[in-house]
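Taken in order, these protein sequences are the chains called A and B.
So in this note's numbering, spot 226 of the first sequence is number 227, and the numbers just go up one at a time.
So in this note's numbering, spot 74 of the second sequence is number 75, and the numbers just go up one at a time.
Simulated from the structure, these hints should not be mistaken for laboratory data.
There's no promise every hint is true.
Note: identical chains are not told apart, hence a pair may lie in one copy or across any two.
To be verified - DMTMM-like cross-link-like pairs, simulated, lysine to aspartate or glutamate; straight-line CA separation at most 25 Å:
no., residue 1, residue 2
1, LYS53, ASP69
2, LYS28, ASP153
3, LYS28, GLU112
4, LYS28, ASP120
5, LYS28, ASP209
6, LYS45, GLU70
7, LYS53, ASP18
8, LYS53, GLU70
9, LYS28, ASP197
10, LYS45, ASP69
11, LYS113, ASP21
12, LYS214, GLU24
13, LYS28, ASP69
14, LYS240, ASP5
15, LYS128, ASP69
16, LYS113, GLU24
17, LYS251, ASP197
18, LYS45, ASP198
19, LYS59, ASP69
Number of protein chains: 2
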Amino acid sequence: MRDDMIKVVKIGGHIIDNSDALEEFLKAFALLEGPKVLIHGGGKLATRMSSKLGVDAKMNAGRRITTDEDLEIVTMVYAGLVNKQIVAKLQSLHCNAMGFSGADADLILSEKRPVQAIDYGWVGDVKTTNDNVLSFCFSNGLTPVCCAITHDGNGQLLNTNADTIAGELAIAASRVGETELVYCFEKKGVLADVDDDNSVITAINHTDFQLLKASGAIHTGMLPKLDNCFNALKKGVNKVIIGNAAVINKPNALFTTISLT
Amino acid sequence: MRDDMIKVVKIGGHIIDNSDALEEFLKAFALLEGPKVLIHGGGKLATRMSSKLGVDAKMNAGRRITTDEDLEIVTMVYAGLVNKQIVAKLQSLHCNAMGFSGADADLILSEKRPVQAIDYGWVGDVKTTNDNVLSFCFSNGLTPVCCAITHDGNGQLLNTNADTIAGELAIAASRVGETELVYCFEKKGVLADVDDDNSVITAINHTDFQLLKASGAIHTGMLPKLDNCFNALKKGVNKVIIGNAAVINKPNALFTTISLT
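Assemble the whole structure, with the sequences as input and the hints as a guide.
See below:
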């Protein structure tokens, strides 16, 4: 990773759910030079909290709906517990972290997903991001740590996809300076063979992506992640990579570089 | 309230627990001119959440202990649910709010209360506050909204008294500019007769305080609040008042002014 670029790093639930993995990741993240942003999901904690509280997942046509109770739970778990534990840990590692939901300093404005075939409940799609906030954080040596809760500007919090937030914040960061977007997930990168963890495709451009989609080689969970990658590149992000947590500090780590051409 | 002073306002649980009262308060708070800070407790939500989760209050010699589970719950409720709902509401009222725990931007460093006769568990006593953070918030038109969770600098979150946090943040703000500290609670001020809501003592200086304490006229819950008031005044805060939510926008509201002499 280049020291002079803004790094926007998203970590998935597999890191949040494993305290040793999280600790190791945060140590490496704290050591990254230059301006940086961390985006986190909530892992299985929200599901466990729902279960403890006796709140069942509401489904509609196979899709999860965010009810009033779900929104309260994800706000507590993502913006409260997970975000503050990460911020406190980064502070102990001399990384001056500052937790954000999208409502804080109006960082991410979203709108409730319109009701069409399905009403997803309190789910938000990102409308605008605030690069001024990133800019003043970077100028003051602060590292934003962002959870996947946004707001609609009318006082309503909304549950929002963390991969999308990472992509949109990277686009906002690219208006401040050269930006690298890194998706850390449980695999070493995009795999040619989903059953072979070492079958990492080291580079995918937009033509490759269309071919891989057409051939069915890319599994469905990866498609929206790759859509976010290409969207970020089209809108100004300079570099996008997908890999596991090792990519941020292991020079020999395998990963997939996504590029437009 | 003077427009040119920094206002540090603490709201108690009676406002948090009543959505109409909270809405009315936030509308008035959003309209306050000049730099301002809001500090909130968690009200009864944390207790209700504990009860839903089957977590019983642990007591030691009549004092509440903050266990691992309690700390998780207060972090979720105070820093997550309550803080983000307030921040989103203030954003909708065109007040550019930014949520904080003490860990965020290292705003409030505390230390675990030393174990003496009682081990209070994960309770923190404030060590230092960061006026630079308040300063850059004010310079950027941001209104800090602070919950009563702090950190020890070693990655540990700590449950901290919200009245104390309000006092300490007012002291930090007084290093930035002239500061007024306002405690909003359920009464109209310090009462001469606890059974008469209109028996507000309009002014209390340090000598009065000693006399009121000696006579037993001040009920025990009020003593630490008044200690915080005098501590703030001694350490540079210019004005301290205690009243109900009306004090921030009703010119004719009764309240108690606390002064050193």
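Taking the earlier hints as the rules, which of them does this structure contradict?
Per hint list: 4, 5, 9 and 12 violated.
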